[in-house]
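Number of protein chains: 2
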Amino acid sequence: MKLTSKGRYAVMALADLARFDNLNPVSLRDISLRQGISLDYLEQIFSKLRKKEIVQSVRGTQGGYILSKKAKDIKLTNIFDAVDEKVKTVQCKKESKKGCNGKSTKCITHNLWDELENHINHFFEEKNLEDLIKENTERRI
Amino acid sequence: MKLTSKGRYAVMALADLARFDNLNPVSLRDISLRQGISLDYLEQIFSKLRKKEIVQSVRGTQGGYILSKKAKDIKLTNIFDAVDEKVKTVQCKKESKKGCNGKSTKCITHNLWDELENHINHFFEEKNLEDLIKENTERRI
DNA sequence: TATAAACCCGACTAAAATAGTCAAGTATCA
DNA sequence: TGATACTTGACTATTTTAGTCGGGTTTATA
Ligand code: FES
Ligand code: FES
Chain G
1 MKLTSKGRYA
11 VMALADLARF
21 DNLNPVSLRD
31 ISLRQGISLD
41 YLEQIFSKLR
51 KKEIVQSVRG
61 TQGGYILSKK
71 AKDIKLTNIF
81 DAVDEKVKTV
91 QCKKESKKGC
101 NGKSTKCITH
111 NLWDELENHI
121 NHFFEEKNLE
131 DLIKENTERR
141 I
Chain P
1 MKLTSKGRYA
11 VMALADLARF
21 DNLNPVSLRD
31 ISLRQGISLD
41 YLEQIFSKLR
51 KKEIVQSVRG
61 TQGGYILSKK
71 AKDIKLTNIF
81 DAVDEKVKTV
91 QCKKESKKGC
101 NGKSTKCITH
111 NLWDELENHI
121 NHFFEEKNLE
131 DLIKENTERR
141 I
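Sequences listed follow chains G and P, in order.
Heads up: the first sequence begins at 1 in my numbering, then just goes up one per residue.
Heads up: the second sequence begins at 1 in my numbering, then just goes up one per residue.
There's no promise every hint is true.
The calculated DSS-like cross-link candidates involving lysine-lysine, where the alpha carbons are at most 27 angstroms apart (straight line), are [said to hold, decoys possible]:
hint : chain 1 : residue 1 : chain 2 : residue 2
1    : P       : K6        : G       : K88
2    : G       : K93       : P       : K6
3    : P       : K51       : G       : K94
4    : G       : K2        : P       : K51
Computed far set for chain G versus chain P, every beta-carbon distance over 12 angstroms [claimed, not checked]:
hint : residue
5    : D21
6    : P25
7    : D40
8    : K48
9    : R50
10   : K51
11   : I66
In short, the hints are calculated from the structure, not lab data.
Ideal placement from N, C-alpha and C gives every residue a C-beta, glycine not left out.
All chains, please: the whole structure from these sequences, using the hints.
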């Protein structure tokens, strides 16, 4: 059960952006350098973030990205959703009445995993970008 | 971020075992049939569970496995630990002072992921096998 | 005492997912 | 007009997962 780089990078990059976009757009090259993330990979990620309107792009020289909303209004849920980082604990299709074992009822652990999924998603629902950068600047990291 | 089959199967199989081991050991063949899990794969999983003393084996005809402890005393944490299903959210080595970006300080999201890890582990720490089968027999699944 | 049921063990492999890379563009500013 | 930076889609290498396979050993029971 692990977090993928895509999800981790998306949050890292946005946290970086939230900190530096006060005046000008921030280029991916800068983020790449500061956070140590491959530029090409960042481009893929930001393409998704833009489509979900989490960031806006500014093309041309001195271009880059800026947040579309206030940091406070960007929840981790939104970010993960944008980059398709899903929390998946059950094996069956949720809508279906069938179980993961192919039988006609849900398996004995189904409800457990469903609870787990809610538990995790709750965390993402509660945290937003502002929380994240606040915590960090307090600790001077 | 998803749960692997290994972890899911381990819990499924033990839940099955907890329900049926009242008198006699339960064979993996039975579990395999009831839960729809590959027999060979179950053997790998039970080998680990046995080494961590979650189950005991009974060899020979009519053999199988029984729980080593009461269902109540087997937490999900113990099960996941036994089969090496780890919750991994940070990318860096925790002990090291270095960050995941190769720099000398932890990255801006490190604390967040650490919190997340604790949040998830807390769930596994709270649930035990007995809870699991109770819930299910109540609902008559 | 032969047989079959079941555990035991290690090596191997196919498939899927992840984490990128690469190439060829377009927009904009100085 | 050059440099910077976003845009897009395809491609690929690596890693992880989820098994499979082939050989054991132990033990109840017919
Ligand atoms: S996880 Fe949904 S039925 Fe098993
Ligand atoms: S996850 Fe630990 S430093 Fe980035």
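Hints versus structure:
no. : hint           : in the structure
1   : P:K6 to G:K88  : holds (14 angstroms)
2   : G:K93 to P:K6  : holds (18 angstroms)
3   : P:K51 to G:K94 : violated (34 angstroms)
4   : G:K2 to P:K51  : holds (24 angstroms)
5   : D21            : holds (14 angstroms)
6   : P25            : holds (19 angstroms)
7   : D40            : holds (17 angstroms)
8   : K48            : holds (16 angstroms)
9   : R50            : holds (21 angstroms)
10  : K51            : holds (21 angstroms)
11  : I66            : holds (18 angstroms)
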